[in-house]
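Colleague: Please model the complete structure; the sequences and the hints are all you need to start from.
Going line by line, the protein sequences match chains A and B. Reminder that position 454 of the first sequence reads as 504 in my numbering, one-by-one numbering, no gaps. Reminder that position 109 of the second sequence reads as 159 in my numbering, one-by-one numbering, no gaps.
Treat the hints as calculated values from the structure; they're not laboratory data. Keep in mind the model is a prediction, meaning the values are calculated, not measured. Hints are supplied without guarantee of correctness; some may be wrong.
Among the chain B residues that face chain A by a calculated CB cut under 7 Å, a handful are [stated by the list, open to error]: (1) Ser221; (2) Phe245; (3) Gln374; (4) Arg621; (5) Ala643.
Glycine included, C-beta positions come from ideal geometry on N, C-alpha and C.
Protein chains: 2
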Amino acid sequence: MSNYVAPVRDMLFVMNELAGLAEVGALPGWEDAGAELAEAVLDEAGRFAGEVIAPLNVVGDREGSRLVEGRVVVPTGFAEAYRQFVEAGWGGISSPAEFGGQGLPQLLAKPVTEMWKSASLAFSLCPMLTQGALEALLHHGTPEQQNAYLAKLVSGEWTGTMNLTEPQAGSDLSAVRSKAMPEGDHYRIFGSKIFITWGEHDITDNIVHLVLARLPDAPEGVKGISLFVVPKYLLNPDGTLGARNDVQCVSLEHKLGIHASPTAVLAFGESQGAIGYLVGEANHGLEYMFTMMNHARLAVGLEGVAISERAYQQARDYARERVQGRALGHEMAGPIIRHPDVRRMLLTMKSQTEAMRALAYVTAADMDQAARHPDPVERARYQARVDLLTPVVKGWCTETAQEVTSLGVQVHGGMGFIEETGASQHLRDARITTIYEGTTGIQANDLLGRKTVREQGKTLLALVEEMRTDAERVGALDDEAFRQLGAALEVGIKALETAARHLIDVAATDPRQAFAGAVPYLMLLGTVCGGWQMARAATAAQARIAAGESAAFYRAKIDTALFYAEHILPRALTHAHVVRHGARATLALDESAF
Amino acid sequence: MSNYVAPVRDMLFVMNELAGLAEVGALPGWEDAGAELAEAVLDEAGRFAGEVIAPLNVVGDREGSRLVEGRVVVPTGFAEAYRQFVEAGWGGISSPAEFGGQGLPQLLAKPVTEMWKSASLAFSLCPMLTQGALEALLHHGTPEQQNAYLAKLVSGEWTGTMNLTEPQAGSDLSAVRSKAMPEGDHYRIFGSKIFITWGEHDITDNIVHLVLARLPDAPEGVKGISLFVVPKYLLNPDGTLGARNDVQCVSLEHKLGIHASPTAVLAFGESQGAIGYLVGEANHGLEYMFTMMNHARLAVGLEGVAISERAYQQARDYARERVQGRALGHEMAGPIIRHPDVRRMLLTMKSQTEAMRALAYVTAADMDQAARHPDPVERARYQARVDLLTPVVKGWCTETAQEVTSLGVQVHGGMGFIEETGASQHLRDARITTIYEGTTGIQANDLLGRKTVREQGKTLLALVEEMRTDAERVGALDDEAFRQLGAALEVGIKALETAARHLIDVAATDPRQAFAGAVPYLMLLGTVCGGWQMARAATAAQARIAAGESAAFYRAKIDTALFYAEHILPRALTHAHVVRHGARATLALDESAF
Numbered sequence: 051m052s053n054y055v056a057p058v059r060d061m062l063f064v065m066n067e068l069a070g071l072a073e074v075g076a077l078p079g080w081e082d083a084g085a086e087l088a089e090a091v092l093d094e095a096g097r098f099a100g101e102v103i104a105p106l107n108v109v110g111d112r113e114g115s116r117l118v119e120g121r122v123v124v125p126t127g128f129a130e131a132y133r134q135f136v137e138a139g140w141g142g143i144s145s146p147a148e149f150g151g152q153g154l155p156q157l158l159a160k161p162v163t164e165m166w167k168s169a170s171l172a173f174s175l176c177p178m179l180t181q182g183a184l185e186a187l188l189h190h191g192t193p194e195q196q197n198a199y200l201a202k203l204v205s206g207e208w209t210g211t212m213n214l215t216e217p218q219a220g221s222d223l224s225a226v227r228s229k230a231m232p233e234g235d236h237y238r239i240f241g242s243k244i245f246i247t248w249g250e251h252d253i254t255d256n257i258v259h260l261v262l263a264r265l266p267d268a269p270e271g272v273k274g275i276s277l278f279v280v281p282k283y284l285l286n287p288d289g290t291l292g293a294r295n296d297v298q299c300v301s302l303e304h305k306l307g308i309h310a311s312p313t314a315v316l317a318f319g320e321s322q323g324a325i326g327y328l329v330g331e332a333n334h335g336l337e338y339m340f341t342m343m344n345h346a347r348l349a350v351g352l353e354g355v356a357i358s359e360r361a362y363q364q365a366r367d368y369a370r371e372r373v374q375g376r377a378l379g380h381e382m383a384g385p386i387i388r389h390p391d392v393r394r395m396l397l398t399m400k401s402q403t404e405a406m407r408a409l410a411y412v413t414a415a416d417m418d419q420a421a422r423h424p425d426p427v428e429r430a431r432y433q434a435r436v437d438l439l440t441p442v443v444k445g446w447c448t449e450t451a452q453e454v455t456s457l458g459v460q461v462h463g464g465m466g467f468i469e470e471t472g473a474s475q476h477l478r479d480a481r482i483t484t485i486y487e488g489t490t491g492i493q494a495n496d497l498l499g500r501k502t503v504r505e506q507g508k509t510l511l512a513l514v515e516e517m518r519t520d521a522e523r524v525g526a527l528d529d530e531a532f533r534q535l536g537a538a539l540e541v542g543i544k545a546l547e548t549a550a551r552h553l554i555d556v557a558a559t560d561p562r563q564a565f566a567g568a569v570p571y572l573m574l575l576g577t578v579c580g581g582w583q584m585a586r587a588a589t590a591a592q593a594r595i596a597a598g599e600s601a602a603f604y605r606a607k608i609d610t611a612l613f614y615a616e617h618i619l620p621r622a623l624t625h626a627h628v629v630r631h632g633a634r635a636t637l638a639l640d641e642s643a644f
Numbered sequence: 051m052s053n054y055v056a057p058v059r060d061m062l063f064v065m066n067e068l069a070g071l072a073e074v075g076a077l078p079g080w081e082d083a084g085a086e087l088a089e090a091v092l093d094e095a096g097r098f099a100g101e102v103i104a105p106l107n108v109v110g111d112r113e114g115s116r117l118v119e120g121r122v123v124v125p126t127g128f129a130e131a132y133r134q135f136v137e138a139g140w141g142g143i144s145s146p147a148e149f150g151g152q153g154l155p156q157l158l159a160k161p162v163t164e165m166w167k168s169a170s171l172a173f174s175l176c177p178m179l180t181q182g183a184l185e186a187l188l189h190h191g192t193p194e195q196q197n198a199y200l201a202k203l204v205s206g207e208w209t210g211t212m213n214l215t216e217p218q219a220g221s222d223l224s225a226v227r228s229k230a231m232p233e234g235d236h237y238r239i240f241g242s243k244i245f246i247t248w249g250e251h252d253i254t255d256n257i258v259h260l261v262l263a264r265l266p267d268a269p270e271g272v273k274g275i276s277l278f279v280v281p282k283y284l285l286n287p288d289g290t291l292g293a294r295n296d297v298q299c300v301s302l303e304h305k306l307g308i309h310a311s312p313t314a315v316l317a318f319g320e321s322q323g324a325i326g327y328l329v330g331e332a333n334h335g336l337e338y339m340f341t342m343m344n345h346a347r348l349a350v351g352l353e354g355v356a357i358s359e360r361a362y363q364q365a366r367d368y369a370r371e372r373v374q375g376r377a378l379g380h381e382m383a384g385p386i387i388r389h390p391d392v393r394r395m396l397l398t399m400k401s402q403t404e405a406m407r408a409l410a411y412v413t414a415a416d417m418d419q420a421a422r423h424p425d426p427v428e429r430a431r432y433q434a435r436v437d438l439l440t441p442v443v444k445g446w447c448t449e450t451a452q453e454v455t456s457l458g459v460q461v462h463g464g465m466g467f468i469e470e471t472g473a474s475q476h477l478r479d480a481r482i483t484t485i486y487e488g489t490t491g492i493q494a495n496d497l498l499g500r501k502t503v504r505e506q507g508k509t510l511l512a513l514v515e516e517m518r519t520d521a522e523r524v525g526a527l528d529d530e531a532f533r534q535l536g537a538a539l540e541v542g543i544k545a546l547e548t549a550a551r552h553l554i555d556v557a558a559t560d561p562r563q564a565f566a567g568a569v570p571y572l573m574l575l576g577t578v579c580g581g582w583q584m585a586r587a588a589t590a591a592q593a594r595i596a597a598g599e600s601a602a603f604y605r606a607k608i609d610t611a612l613f614y615a616e617h618i619l620p621r622a623l624t625h626a627h628v629v630r631h632g633a634r635a636t637l638a639l640d641e642s643a644f
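Modeller: As structure tokens, this is what we get:
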């Protein structure tokens, strides 16, 4: 089985050439965050991911986390790896220095996140959820709450969780029923939460649960949900650990993948009520959650990139080693990578992985610009772009990861179906990513409703114009390959624009028709944005070659972009057709006839 | 969890309206095999599949078959269900009456096979492999071998296996190394075989292994492989069971899916050599295997249909029960089937499942015509059609099953990722179907090389003409929906024809370029054939409605065909684009740059 080698050169290429690391490094407070620091951070993170975390991935899958007499037992090696992770300070790299973090921009933090997720998705979820809890308190907590919890969450000495889902409240959080009863300066929380990632474990001394619940007098629906911080162990006035709070892990789920990540059913208040503290204002809990969720959604989008990268590396290594059959144009039996269809599968994996990574990092850089650009108009413009692209990165990257990890199995032939090979774990692990933090359908509704129709496509159409300018520039280069890249991209952009305008029109008169095309629209936008980034990558590579730099790496960028343009980008036409012509058929069949 | 209900009405509709059951029933010897018998057989089989086999599917997945002290222990209930299966005579429904079978045509047998595979894919593999062994002996065995084994295999009292793969010989069977040393009237077999489905168990008294091996003086490569029958227990002269043969199960694979099916590593001749008997002529083993494989490939294609049907039923039932969110156009929270995107997912599953079923049954009917049509010219024409469509049914249906079963998980949201829900089992089980009995790449090479290019597209272009005639007829109906169906189909056919002609041209000068497009060509052909069958189905349904028959069932056929035409058929354009323009990019990237 191949181990994970962080694709540092590919990552730096995207950061420098496509995502504008230099521009991010010019923003106030990030003057040190240039190419040099990026390389150092990525090298070090790559080593840690490859040497410490990646070897645990298979162990974690086989052993899983188990509930033994009320205690969660994590797989062999996970506690020690997490201890090293905390010690090395990886938990807080993008957190504020004020609470012990390193305050790095997202453009540096997200590639590091990708590495953890490639190395072991199950492991990576623990710091990811901690990050969510941390941000909730950072943006909405009282100074006392921040003092009590933030430093420990930033360092990773304590972990955090997000308690949203209940059996009757999944995609629709308005159905949350957990109760919070006021009692002096705190509340007593009662209710049952499911699907709580890393909801219980003892690899740290404490766990900080963020919990959605309703006050007794709260209005029905989404406007009656409040957010509470509920620590596993209460804190004494001096900040040391006090009594065990009334929150218990009653079971762990038996899942298709990410076995090492304990997915807990948590019971709050089975005895006297769990003590919780209101975060921010009452009845604004869902709003706070959604603010944080944009970060989490981008991170889950990166999971699509990360698992695709890992699956690709494993399939490529196998295809180079496995000797089977004589390929056309060869005299003797050789490695299967020589077979045209194996190349096709590997390039389908590789080209989409690179396209997804580029879009995700560009969006991370947009987040940095939205946070710190000196001009408020620019900040708003970048924020709108981030809002538009976040559901795309989440939905498109995770859907694409299903295809990529499945191809990873296929490249292995019969061995791919054998669990010991490890290829199928990536498929199983990837399968959750289109579901949690909002299903693809939820992402698509957000993209279409809030991010496109509500503003009559303003941000989308600006993106279309930017892509078109780039496509024209690429197509104008005096080179057949670039004419081809430019032309393919222009076809995709045209399809996207037509489909988007159609949806905006239809939404005004018949929203159901419009929303029937929401997921195809999301996939269309992702596919075209991927083609855009690949064309930009090819152009940047061409410039490097022209400047006399070592050609092999850059030549590969151009070849991979051409593959994307001729194999993947044409899917845009299908998606656009479905958007424009498919809604009636989606809605026609009588419900009883399914 | 929903149980499986055999879709008898859908099946009969395809058999009667699309696959020509009446014409098959007019072939010599099949005069009883009309609509009445079909309905009786399907009703009975549906009951058996739903009541006896389907409840074992989850049990089989959880327990798996295990090797305990050299003995294979199958999951609870499997042995008893198999006993009932044999007792009811299901094993031999398409086998010759001479050996105790019922001699039914493939068009009746294949829907029954689909039911077993929907009910439990792992269970169904046991009779499927038995069928393979049975056919090898039926077509190539000596009268003595036939007398010794056939009746027991037909009844299912003994099971059969196919021993092809070795660690170094997977897709490329020319690398088989197992040896057969002559010794009197028999041979001593030595070698190790892997991936042997139902290779060892004790639910029957004996197992009849068919084994590929080489004679000492055999030429290298594919022309030096012979076929042997190697029973687990040798037979006494009176046909009773004698000594245990020298074949041992040394391990079972730990697989992603089909856990109940014991996938054995078999060691032949670890002591004195396993006694085997030559089947047919020496050095013709691979040729015999390929004859049988066409049946097996169609059966595996049916697995794609069958698992898709099961996944669809489960997702549909969940979508009707699960209440979550208020759908557009509704006042209150309701079942998720009301959400447009859930409809889109379910229809993507349903429409493709119906399209696949139609093509598979039509191909089964073509097999019957190829076997018994009175005119030898017609027999040859049908056989060519079967040869062309077999890799399509195998490759396209199994690839599509990956999408359908993955959507089945997605419809369930978070619950889909929990193993207890059962949705993910279908995804895991389906994952083997694109791999065994020849990967999709192998099917595509067969389709493109032997079935298209070698005869300059003769059979393919005749199919194109037939589809075009049907498309014109559909489009000429005085109804907007049918004009739409006809137009969409004509676009697909045009794309197919252009792509096929391109491949035939290119293959003459640059076979690597042609074969780089083999899988997209297979998917293109499958997608268009599916659209063809759906348009035929809609037309047949329209005729029924016009004749005054109950409209709901037939109206659904038209709506489902329209969905396929607007959502699935447009993929043909992407596949055709890749075939025509994608090869260069597939072959360009330097091998070291992957």
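Colleague: Against each hint, give a clear statement of whether it holds in the structure.
Modeller: Here is how each hint holds up against the structure:
With a cut of 7 Å, the hint placing B:Ser221 at the interface with chain A holds, because the nearest CB-to-CB distance is about 6 Å. Proximity of B:Phe245 to chain A holds as hinted, the smallest CB-CB distance being about 5 Å (cut-off 7 Å). For B:Gln374, the shortest C-beta to C-beta distance to chain A is roughly 5 Å, which falls under 7 Å, so the interface hint holds. Because the closest C-beta pair between B:Arg621 and chain A is about 5 Å apart, less than 7 Å, the hint holds.
A least Cβ separation of about 4 Å between B:Ala643 and chain A falls short of the 7 Å threshold, and the interface hint therefore holds.
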